[in-house]
Structures are given as structure tokens and as C-alpha cells.
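Asks: Following the hints, put chains H and E in place on chain A, whose structure we already have.
Given next are the chains, with one letter for each unit.
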Amino acid sequence: MSILYPRLLDSAATELYQRYQHVEPGELTNEHAFAHPSAVFAATGGHRVPREHLQDLRERVVKIAEEAGFPGGGRRRAHTDFDLDIAKLLHERMGLVAAEASVRPIWAFLALVVLPDVSFWRYREPTGDRFLATDITRHVWGRLWWRAHLTAVPTETDPYRLIGTFNESDFDQIFARRAGLGGSRALIRALSDVWPSVAKSGFADRRVLRDVLKRLLRTAPIIEFDALDYADLCDEIRREAAASVTAIRAEDQRAQ
Amino acid sequence: MSVAELTEPTVDERDGRVVLAQRFAVSGPGPVLLRARLSVGLGERGREDDAPVGAARPEILYWDNGVGLRRTEDCVVDSPSEIELVVLPVPDTITDIVVSGARAEEVAAS
Amino acid sequence: MSRAYPYRRPPADVVATGPWLRVTGDSLEELPLDLPDWDYETILHLRRPLRVDGFRARQACGLSPDSAVTLTVVWAAANSSLRGQAWQGSLPALDGAELQIDFDLPGDELGGRLDLETSLILRAAGTGSSATAPSRPGSVLWREVHSVMLQGDAVLFPLAIVDFEQVRYPSGAAWHLELSEDLDSQALGSILLLANKRRPVVVGALENAADPSDADRLVLSTVQSEVIRSLVERAVVDKDFDPTHDYATGTVGALLASVLRATFPDRDLDALRRERQHEPILFTTRLQNATGLLAGA
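Residue numbers (our numbering), protein chains in the order written: chain A, 531 to 786; chain H, 6 to 115; chain E, 6 to 302.
In isolation and in its complexed conformation, chain A is listed as follows (with noise of 0.2 Å):
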């Protein structure tokens, strides 16, 4: 089923955004809510979100970050974590589908009227795109149900078992060229299963990844990714991460 959120309007996340950046996030507490006067619904089809679902919600999302500290300072290893259940907590108990979970005031609200005090905790001294509706591959609680969704394999028993597979922000440079790379779940789910095996020769991952990325990139145009059976689909991702890292090499050694 579809659950719809509340778009937080522009003027109202902005006012929020600036006004709680001098407050302590222990004290947001005291700020949360689960409806705002300039939260709106769109007139479109689907079950808008009962009040009992955010409080829910919340209280989910409160207790995964005391496990982690909060409101307490966080060593880094413990956002690490943190981020993970979270990402899987919200994929599977918001009810979103994509195309909402696309519309970025949704995520503002979530950000700052639902979770002002976890928001402020996660980024101490955030930028204005953590929590604002301007870029959904930055933002604190919408970038992690988009890595749940990408990386998600609903038909295993653990459906979330690729979620960790990249860090933060290696994930990152993936999600930033989805459109690029088509959108193709497969293609990133692919990825993420064969890239744990693939011989890195001792280059950084995140070299590595950024080559096979530009890589694919460029063969989409013609090679539809969708189309192949997902060994396939694998065994493409091992060829072009192979050639990275040959070609790695060989600037390496022409560096030298």
C-alpha cells in the first residue's frame, strides 16, 4: 500500500532550518511534531499518513539513535551503523513508492517538523541541503531510503543483505550518477553483489570504483543492462572492473 507525506513548503523548512541551528538537538526534542500548518498533501491518489504512523515512526527512529548515542555525541563508527538501520527501518515501515519518495519536501518535513532533534544530532553542523528539500543524494533521512531501495533484493530473506556493501561515500558517487547509469536497479544491485570479489590489486576502492562507474557509463548508450541475465549482468561488471584496473596500473606506472 502507498502511504503519502506531507511536502514541507520551502519558506516554512527555511525558517525551521535557520531557527534550530542555534538550539542544542537534546532540546529540539521539545520541537518535534507530527503535523505543521505549512505541511500540505498533494490532491493526488494514495492514503495519507495517520498520525499514529509518524509517531511510530519517531519512536523507531529515536531508539536506533540512542543505541548510537543520542542525544549524546557519536563516534564515527556508530553513524555508520546508525545510517544502515535506519535506511533499512525506513524503506521497510514508511510505505513509500518511488515517485514519492522522489518529491524532496516530503523528506523536509520528515527532517525538520517529525525529526529536528535526530536531524541536528546526525549533522551537527549541517548544510542547508541535509535537511532542506534541495538534493535528494544529500539528504539526512532521504539518501538512506533511496540506498535501501537501490540496493534492496525483495525476493531474499534478507532483503538488505547489499545495503553495506559500499560506504557512505562511495555510495554516494553511485547515487549521484543514477540518472546516467539509467536508473537500473539491477545494474547498481549487481554492482554492489559482485564488487566485494573483484580483484582490486591493492588500488583504493573508491579509485577503482569511480573508473568502473565512468566505464559503464559510457557503454549504457548501447548496452542495455536490463536485458541481461544478472550472471551476466555480473560477469559485465567483472570485465569493466578488470580494465580499470589494468588501466590503474599502467598510469600508475607511467607515473613512476
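Be aware that a few hints might be false.
A few chain A residues that don't get close to chain H, going by computed Cβ distances all over 12 Å [stated by the list, open to error]: (1) I533; (2) Q551; (3) G556; (4) G658; (5) R691.
One-sided excerpt, in silico: chain H residues whose CB lies under 7 Å from chain A [what the hints assert, rightly or not]: (6) G48; (7) P57; (8) G59; (9) L93; (10) D97; (11) T98; (12) I99; (13) V103.
Just so you know, the hints here were simulated from the structure itself, not pulled from any lab data. Don't be surprised by glycine CBs; every beta carbon is placed ideally from N, CA and C.
Replies: Positioned in the frame of chain A, the structure of chains H and E alone reads:
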């Protein structure tokens, strides 16, 4: 002075290599300096400006005006005339080909 | 500019496509270009008959007859920017083969424009294929795209009915167009038409848009004209907006450029900017003319 595409680029085998060949017509005051700009095409998403490490780029093999072959980046031809551009593409990629012309004298004077 | 594939491809007529058909219960109808009643819970059951010359297609590409080729349909959705395989069947090396595409397409990954891409795809090149033939699995030999708009106008200009006093807009106004300041942001989610609950005439007309009364038509024409005016004004006033810049598909910048082109096809932006500054009344009149204010009402 104008340069018109007479044919779509076609895939062909020349001297054992897979190439793209495209014919152009040059008209108006000449002689004309032709210049080809080749790039890996990313389809709707435009041209590639950040290529993978050490990756091949499409290359001009030669221009053929029926009299002889010129293996240079640009090429001066009489007007009116017809000429074929032969390009070595990068396997498994789209090649975007743009050929533009300028009056050879104006280019020489500037 | 020419855009060249690195391998030989067959002529377009190796595939004779039939219409896309929608199966609903026992009935079969041609798939319309607009599906305003579609929602995320809709499962589209689609069919398409085709006749394909599988032998000639291989031959034209330089592929040997034992090469494996598939007929594949991929869906691509504009609003989610996602795509995936909808259907696949193998293509025999015979001419005149009658094939039927048939699949169910659930709504949860879709929204906005739906592209149905029908392609012939190489699975494996057989022995004895030419050097100029495609060789890599997944190579596209032939492709045709059919687009359908799901949800109609509601996607591009989603509507929300709110009390303007609560959202802190001037409480007597009839409507307000929310539009992101960032020209590079995606228009989806950046645009929202807010109608003021305190103006029942406007709210009623927007709610009846599918089947408007004569009175509703007057209101709708006015709102439509004014929405376009807001977008044109925004384009004219925003110094950062450059209609020749290549804004990515679906962005606010691309939307403004297309609205400007559609409204004033013969005038450049600088001329519009000058006129708005020096002759604002004439500029407004010109906008009324271009948007057909009250013309059909």
C-alpha cells in the same frame, strides 16, 4: 560556405579495422578548411567530458576526397566538392561526429 | 551532428510493431497516451503483437544465424528515474515470426511519464559473425520507445488545498504557485499549486477540473493563464536564468525554458526583459494573448 552531411555514418571494415565512414558535401566560396570534432556520446546525457583512466577516444583515420587520403586532424578542400571522413570508433560506445567548415583564407589570415 | 553506433544495425522495418494494448478484465483496448486515473496501486496488464524478421535482422547486422537475440521490453519512469525489465522472449532466426509481448506492470516503481522501450538485444554472437557485427551481450540492435503519461496534469502541477492563513500567505489570495529557486533542481516536488480553502469558487473549479461547469471554466482559464504568467515572470526576472543553457531534463530551468518557448516562440528573452521593464502593461497584455486568457470559456 556550408558543409552538409550526405550520409549517416556507416560501419565498415577497412584494412582489417572496423571504422565509421561518413560523406559530406562542401559548397559556397572556397577553399574550405574542414574540422572534425569527435567524442564518445553518452546518448541523451550529452558528451563525455571525464573519460575513464587511459580509455580510448575516437580518432580520425583519414579524409578521402577521391584524389588522395589525408591523415590529418583538419583538411582543406576545394568548393564545391564531396569528401568522406573515416573514423576509428571506440568499441562499445557511441561516437558523436561534428564536422564544421571555415573559409581557408579567413583562417589563414586570422 | 551525427551519432554513430560502433556496429551494424538492421533497418527499422525488420520489426512491424502492433499497437500497445491494455487488458482490463475480459476487455482489450488500445493503450491511450494519457492515463489520468492511474495510481500507484494500478497494475497495468499490457500486450503488444509484433511481426519480426529475425533472420534478416541478424543478417543485416552481420550476425550469423545461430546468434542469440532477444526481444526485450524495458520500462522507464520519469518521476522515480528508475527502469527495469518488463518482458523478454527469444527471437527465432526466421522471417515473419509472429510474437506477442504480454506482461503485468505494477505501479509502485512508476509515476509521471512511462516509457515502454521495445528492443532487439544481442545475447550472444554466433560463430562466423562479421567483425562489424555487435559482439557484446546486451548490445541494442533496434529500439522503439512509446510514452504514456500517468496521472495526467496532477504530476506536473500537483495541487494542494490549504488555508492560506495557516500557511502564512496573504489570506485573501486565491492561489499561490510554489516554485523552487534552484533552476537545477528537479521540477517534480519543486512545484506545487496551492489553492486557498477560503476561496471556494477556485477550490471548487480545481476539484471539478475533469468535468467543469461553465463557471468553473472561467476560473480554470484564469488560473491556467496566471500559472503560466508566474512562470514566465519568474524566467524574465531571474537574472540567473539563461534559456540557451542546457538544463537537465525535468529541472525547473528546463521547465521555464519550455514554457517560455511555448508562450513566446518568436521573441527572445532579452526583448521580453526590456519590454517588461519599460512597458509592463503591454507585457501583461501580451501574456494574456499568448496564454489565451478566457478564450475558450
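Asks: All hints, please: hold or fail.
Replies: Consistency of the hints with the structure:
1. The claim that A:I533 lies off the interface holds: its Cβ sits roughly 33 Å from the closest Cβ of chain H, which is beyond the 12 Å cut-off.
2. No beta-carbon of chain H comes within 12 Å of the beta-carbon of A:Q551; the shortest separation is about 35 Å.
3. Even its closest Cβ contact with chain H, about 44 Å, leaves A:G556 beyond 12 Å, as expected for a residue assigned away from the interface.
4. Distance check on A:G658: its Cβ is at least 27 Å (rounded) from any Cβ of chain H, clearing the 12 Å threshold; non-interface status holds.
5. Non-interface call for A:R691 relative to chain H: holds, since the shortest CB-CB distance, roughly 29 Å, exceeds 12 Å.
6. With its C-beta approaching chain A no nearer than about 3 Å, H:G48 sits inside the 7 Å limit, and its interface hint holds.
7. A least Cβ separation of about 4 Å between H:P57 and chain A falls short of the 7 Å threshold, and the interface hint therefore holds.
8. Interface restraint check: H:G59 against chain A, minimum CB-CB distance 4 Å, threshold 7 Å, status holds.
9. For H:L93, the suggested interface contact is broken, since its CB lies about 16 Å from the closest CB of chain A, more than 7 Å.
10. Taking 7 Å as the C-beta contact cut-off toward chain A, the hint placing H:D97 at the interface holds, the least distance being around 5 Å.
11. The closest approach between the C-beta of H:T98 and any C-beta of chain A is roughly 5 Å, which is under the 7 Å cut-off, so the hint is satisfied.
12. Residue-level restraint check for H:I99 holds (minimum Cβ-Cβ distance to chain A is 5 Å; threshold 7 Å).
13. A hinted interface residue such as H:V103 counts as satisfied when its beta carbon comes closer than 7 Å to some beta carbon of chain A; here the least separation is about 17 Å, so the hint is violated.
In the structure shown, a violation is registered for the earlier hints numbered 9, 13, in ascending order.
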